[in-house]
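4 protein chains.
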Amino acid sequence: MALRDGNSYRESLRALNIKVYAFGEKIDSIVDHPLFQPHINAAALTFDLAHDPTTEALVTATSHLTGSKISRFTHIHQSTDDLIKKVKMLRLIAGKTGSCYQRCVGWDALNANYTVTYEMDQELGTDYHQRFRRYLEYIQDNDLMVAGAMTDPKGDRGLPPAKQKDPDMFVHVVAKNDKGIVIRGAKVHQTGIVNSHEMLIMPTMAMGEEDGDYAVACALPTDSPGVIHIFGRQTNDTRRLEKGDLDQGNAEYGTVGGEALTILEDVFVPWERVFMCGEYKYAGLLVERFASYHRQNYGGCKAGVSDVIIGATTAMAEYNGAAKASHVRDKIVEMVHLTETLYCGSIACSCEGAPTPSGAYFVNPLLANTVKQNVTRFIYEIARLSHDISGGCMATMPSEKDLHHDEIGKYVEKYFRGVDEAPTEERMRMARLVENMTGGTALVESMHGAGSPQAQRVMILRQANLGHKVKLAKKLAGIKEEK
Amino acid sequence: MALRDGNSYRESLRALNIKVYAFGEKIDSIVDHPLFQPHINAAALTFDLAHDPTTEALVTATSHLTGSKISRFTHIHQSTDDLIKKVKMLRLIAGKTGSCYQRCVGWDALNANYTVTYEMDQELGTDYHQRFRRYLEYIQDNDLMVAGAMTDPKGDRGLPPAKQKDPDMFVHVVAKNDKGIVIRGAKVHQTGIVNSHEMLIMPTMAMGEEDGDYAVACALPTDSPGVIHIFGRQTNDTRRLEKGDLDQGNAEYGTVGGEALTILEDVFVPWERVFMCGEYKYAGLLVERFASYHRQNYGGCKAGVSDVIIGATTAMAEYNGAAKASHVRDKIVEMVHLTETLYCGSIACSCEGAPTPSGAYFVNPLLANTVKQNVTRFIYEIARLSHDISGGCMATMPSEKDLHHDEIGKYVEKYFRGVDEAPTEERMRMARLVENMTGGTALVESMHGAGSPQAQRVMILRQANLGHKVKLAKKLAGIKEEK
Amino acid sequence: MALRDGNSYRESLRALNIKVYAFGEKIDSIVDHPLFQPHINAAALTFDLAHDPTTEALVTATSHLTGSKISRFTHIHQSTDDLIKKVKMLRLIAGKTGSCYQRCVGWDALNANYTVTYEMDQELGTDYHQRFRRYLEYIQDNDLMVAGAMTDPKGDRGLPPAKQKDPDMFVHVVAKNDKGIVIRGAKVHQTGIVNSHEMLIMPTMAMGEEDGDYAVACALPTDSPGVIHIFGRQTNDTRRLEKGDLDQGNAEYGTVGGEALTILEDVFVPWERVFMCGEYKYAGLLVERFASYHRQNYGGCKAGVSDVIIGATTAMAEYNGAAKASHVRDKIVEMVHLTETLYCGSIACSCEGAPTPSGAYFVNPLLANTVKQNVTRFIYEIARLSHDISGGCMATMPSEKDLHHDEIGKYVEKYFRGVDEAPTEERMRMARLVENMTGGTALVESMHGAGSPQAQRVMILRQANLGHKVKLAKKLAGIKEEK
Amino acid sequence: MALRDGNSYRESLRALNIKVYAFGEKIDSIVDHPLFQPHINAAALTFDLAHDPTTEALVTATSHLTGSKISRFTHIHQSTDDLIKKVKMLRLIAGKTGSCYQRCVGWDALNANYTVTYEMDQELGTDYHQRFRRYLEYIQDNDLMVAGAMTDPKGDRGLPPAKQKDPDMFVHVVAKNDKGIVIRGAKVHQTGIVNSHEMLIMPTMAMGEEDGDYAVACALPTDSPGVIHIFGRQTNDTRRLEKGDLDQGNAEYGTVGGEALTILEDVFVPWERVFMCGEYKYAGLLVERFASYHRQNYGGCKAGVSDVIIGATTAMAEYNGAAKASHVRDKIVEMVHLTETLYCGSIACSCEGAPTPSGAYFVNPLLANTVKQNVTRFIYEIARLSHDISGGCMATMPSEKDLHHDEIGKYVEKYFRGVDEAPTEERMRMARLVENMTGGTALVESMHGAGSPQAQRVMILRQANLGHKVKLAKKLAGIKEEK
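Listed in order, the protein sequences are those of chains A, B, C and D.
Going by full-length UniProt numbering, the first residue of the first sequence is number 1, and it counts up by one from there.
Going by full-length UniProt numbering, the first residue of the second sequence is number 1, and it counts up by one from there.
Going by full-length UniProt numbering, the first residue of the third sequence is number 1, and it counts up by one from there.
Going by full-length UniProt numbering, the first residue of the fourth sequence is number 1, and it counts up by one from there.
Treat the hints with caution; some may be incorrect.
To be verified - Taking CB as the label site, the calculated pair distances span:
no.	chain 1	residue 1	chain 2	residue 2	range
1	B	Ala175	C	Glu481	56 to 64 Å
2	C	Glu481	B	Ala354	37 to 45 Å
3	B	Glu209	C	Pro53	39 to 47 Å
4	B	Ala354	C	Gly226	48 to 56 Å
Stated by the list, open to error - Under 7 Å between C-beta atoms, here's a sample of chain A residues computed to sit facing chain B:
no.	residue
5	Tyr21
6	Phe23
7	Pro153
8	Gly226
9	Ile230
10	Asp388
11	Lys401
12	Asp402
13	Val419
Calculated from the structure, these hints are not laboratory results.
Predicted, not measured: the structure shown is a model, and the values here were computed from it.
We put the beta carbon where it would ideally sit given N, CA and C, even for glycine.
The whole structure should be built from the sequences, with the hints applied where relevant.
Here it is, written out as structure tokens:
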């Protein structure tokens, strides 16, 4: 089929029979419920941009399977140039949404599974890769949005899956027959899943022999029987339900991607959609591949998000009449510097990427982990600097209703004005945008999205090649190495 | 009268005829409106603790005017010991509220006006200090809550008051007669003002001769004719209006103090309540005194707030089964270290305090500005570390309604459990507390409360005595100083 | 006897028969050898300042044993005021030397032993405290300089004393008789020991039962039979042996204190000078006391050192014609801010000090460890900022010999000039002072003096009272505590 | 001619008649003087590696002028791949030397002049580019080492060249005739110049019309008449003159590059070697090109240097028996993380490079400035972490002479041993390597090499495109832009 646009995407969501709960209620149609609009708008934009001549070159690609023009979000990276284009596209779109648009998770899951199934088959003689290619072709042909479903609830973080008191704290296979498998458990923090067509399930960490039932990767529609999504709360989420749009900050695209707890209550998956089932030795590899691909993104999309924060902060400085103060300019330079440092990481891990045995290109994992680690620090510092410059008003401004109130609106209008040239409403809108982009959920997402900081440190240590470095040092210190 | 308790405080608020707007509506009784409960509860606790034998010694003092037992929040500091007790009391109460309890602003305004009116009188022959002492006695005797009202809207930050296009961007005197003065303008970011009895107005910065009408300090009841308060929005404020208390995080005491834009529409103030009127040369001194007293607080109250964040984060680590991981312990140590560094600043600027000509003790201003500067950095880092350890759930957890839902509650219960020993609801409550304390408004308050970072840097430079330091260096470098 | 002055101190060193090696040679008289001059000058200044009317009040004290006027460096702290005076004196003197003057180590050892011997006696019925008081009186009466000797070589840091392959990696008792004990081992990093009269030996860490022989504290003259001192190298140490003084930076007082490896080759110590011998349970307490007293110092002396660095950096900015650049002023503000943060820590841990059972005052250990932890970070940042502003010349300037050279001196003079008003030699002297104060040894001393960062973190965790903080959090989160 | 090796390079230096002073003496032969050995060794290695089959592919290139195989250090970048290879080569060699090898400065000068002369000719009709190509061919054919000579003494940093009291504070043309020009002034901080064949002079900053005589770029042999080099001091430089090699830390390659003040006392330069003479409008462009190329390097060479520091620190942890302590591992991870962040910057600014009008490739200047800015911070932090882990011994260890002393050597041997398996001398050698790499000069070089931090911030601001970012923000905030 032709590449979808945003409308076609929205219509396709209506066609699903997805079971979503939010605030204790079952949602009839997420497409028509204001709580989900920003998330859907952001995802829809990724479809629309495939048709925009100024962005098409980045946002589409040529399928290595079919030769067709496909959404880049379903493409398997064929070169370092593809990896670099990924980063550039992510930054571009994030600059347009100021928010998460959710599609990278599934994309990274597609690439990770593509590479690992190939290696499993090579080593084990299985046929997962062929199955996966057929699944991939289906996704590409139908231009579907896939949620990458990795994170399990994990229960007691000190215990592996098989040692948990509740065996369901990690998704596992509870039955198998010749048609397929039945899985149970849940996935948490599922970005964009309620407005995705498909979910691609993967194990959440390296596993041992006793965890065999937990080593499962497979794909299923988000509206499969037995699947329930419970939508999570975000900072200021109910402002979307209020009248007006000002107080939301970014009414069109929201803050972050919209996360859900997805319950898998004995869900059946046919064998042609199963890509790992018991091969526990490959769980760690799949996680590492997915995580590195996913960490690559953060210097792209977060750089784009930071571009917007920098722009909003610069605008606030102008509204405040402080844009020329040397300390203000210096802080803006610092925000740019941090943002470009993040971007450098994503470009570099792409540029230093290399082919896997499957032919698909993989990022340099040391550098990809480095960039995500920096994100867990710099985004907070960027938010801090933005607060510094923007001023306290974002934490004390009255509501849009007050601004437009018959009696008191004039006071809000009068006293929240900055420089005389700019309308008060502009300044308030910009302050709300800053508030929206630098608050709770947005920060937490930078911390924990694509894995917590310690996960990156573990991988950095593993990739650091300390032995080689010790050798360099011993040579210069004049120490003879024993042979 | 006897020292108030929380109930008496609440009743006294009901007796006021205060004009408060929020979300575009006039509030009939803030005491009975859920939006204001946490703020009122926090302030009420300061009254109750004066009657609690375990806290009474810190929370009360002996008036140097009357010899009566008074609330420490209305006391003029008579010694460095008083200054130190201030800090200890602030930390103690903040540990109990996890939030701002608003009373320090007015307290600092009382002390600042007390010292500056004395010096004005000495130098100018005015009688402001006697007036002020009578006002102070009234406050002490009636155990009133005073809002310190300093920050003007400021319009274009690049221009002084008299150069603003709109002359009302700073509060100014528009008329005088033998009874008193009439003032116009507004004060922004007014912490706790909607639940205060009195407001003590001060100029917001040093002023020049042409700004004479803007050099005005005076006191008035918060329900004076012509005064309108428009309440500001905070992060997740409307969760207070929802059913249940879990999602608020800290349902009893909220997040920060509750700020308002306070309009002064030609408000009359009798002379006995006027403490500066045209003496522009003293505007800067009053600001400096107030600001230094106020910056002293932040290593007290924010250390108390951080104690709660550290406790909540430690609890989250336990719920997650990660409390023994070395990186987790190390991050908690870091949070403690940063917190105690803040506390050290407040203790030190108190210990190094000195008497002013009025006899009231003033903090060491260099050290007081140092502590606030650190707050603008460390609280963000403490929040960041808390997010790191607590995990992503605070940004993706469903609502309380979902937890208690007939159909899906069991899934939330099951899959948001951490270690088996602890109930899921506890973990969710704790995650919501972390969310509440480390999100948008709470961070911004640490940044801009008591003045933005650059304000502190200006004062640090002014107090740094660089000339003396250059002398020390030249001597050691073997450079002869010209005599 | 009367309080010594610098000359008397120097003469008293000549009277010792101390065995010192440096650069492979035995030093005949350290008092007359240029390598040791800066260290001796710095220590001598502490004696001279006791006679300077502008400093006498801080630098002397009244002995609680004899009522005599003594050097504060031999005083047992009798109040928090004494603890605060300690900090102020340290900052004052460090501003005059720009360097370590070595006397605090022994002083802290005296106070630590004073308090711990008292508690040992109370609990064990020993008489160490009386012995120690007699020893202290001897020190006070003769105004002696004492080296605090704690740090053992430690060999394999992963093993306790008794498990080391070489039993001498920690000082231990190898024989006892009715006259006294014989000890063997060594102490490393011994600041000021080669120009001290006495050394006070202490164990270096908490110990277990099997480490009993290692739990030894005692005092001995630095020239006791069997004691050999091997002097350590410092950054640019041999510049002291060159002609001229410019290249040294601080020719009079050097950089840091002058450290030695002190060998104890079966050294006899009579019982009246033994203050712990086998009471392994008290080793940890003694270390904790000493370490906390010693960590208290670093916000005093390092703040004084930083005052000089700030002065030197400000002077460099002036020589360079850059003093008014906004980024330069901002960096100087940052240096002041960091310095005062350190100072706050030392004042606060003193102000929050409390009496021990012996009556001697002890600092607040949580806050004392906090300040030292900050020193291990901030001094590096202060050095970094100083390098930034001072410019690259300190790393590329020619020698003093080139400046004063017949032929090429004119070029150095011409091309290393900054602003026209200041002589080139001044600028070069100042650059060398910065180089001296911000280089290798000075930084390492800030890192490891008074214990490595991790040692402070261990003590911060132990003092943090996390249980109480968790309680505060649970209360606010609405969690009922089990009783 | 064939590519030189190290020996041929050394011999070619002997053939020069270069005038070098150090420590007030004229040096007869730098090749035979111990003070210069490390610098010459490091440069010599760059020649040797062109003949090493494992490094040849990176260290050589094909001349775009002649098609010959040349040293990459004289190559004009023809692609982003060339830019990336530059970074990889720099890291590789720095890992082998642990030190600066000086050749990048001249290389960057060659590329900068190549691109700017082309653009000047295009716009002005001059023929500088042809001249420059002939000069470049001479350099490539003879495999010469070129010093890039940019930094002027600058005198009062607040004044431009023409306003300085002493007109020689910037190099300028004092005479012209039909043969050539005569220049006067000096260049400071000249890395590697005393062991280079050629120097390529460039203006040090953007210039105005009145600074026309200062807008001069030209090439001359380092031993031209009128040229005098005065060698600068470095940290611990005279250890090279002592017996033994241990105390130097890195006896073979030293610390940093060896800098000199180079005097140009009315030096004649023929027209064929003049590449700018009065075209002041191009001075800024030349500086920007050179600076960006040069800043690109720092995430290559400093990453290589950091690799050695990390290796040395890891080895120290092993010698100390602390390698498995969790805080030690975590700090090593941090060092790796910071190092790879630097490397990412250099790879990214190369990968995002683009062709100039001349066809030569230029780095992305925004990203190149970002990486250097990070170097001015991270190298200090890496040094700090290394000090933390390595321990205090590097600041207190005795000399090599003490270690090998007949009488006391046994004590040094015994008490500076760490874990029993490793010889003491190894541990001491490694500690000295750490000391050497993390001390004064090495840090200052990271700060000021390729320009001070503020220079980078100015360029970051200029490249930041804030206007575009403000547009993105306004769109999301719902603000209509005026057309």
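Taking the hints in turn, this is what the structure says about them:
| no. | hint | verdict |
| --- | --- | --- |
| 1 | B/Ala175 - C/Glu481: 56 to 64 Å | holds, 59 Å |
| 2 | C/Glu481 - B/Ala354: 37 to 45 Å | holds, 44 Å |
| 3 | B/Glu209 - C/Pro53: 39 to 47 Å | holds, 45 Å |
| 4 | B/Ala354 - C/Gly226: 48 to 56 Å | holds, 53 Å |
| 5 | Tyr21 | holds, 5 Å |
| 6 | Phe23 | holds, 5 Å |
| 7 | Pro153 | holds, 4 Å |
| 8 | Gly226 | violated, 12 Å |
| 9 | Ile230 | holds, 5 Å |
| 10 | Asp388 | holds, 6 Å |
| 11 | Lys401 | holds, 3 Å |
| 12 | Asp402 | holds, 5 Å |
| 13 | Val419 | holds, 4 Å |
Hint compliance for this structure: hint 8 alone is broken.
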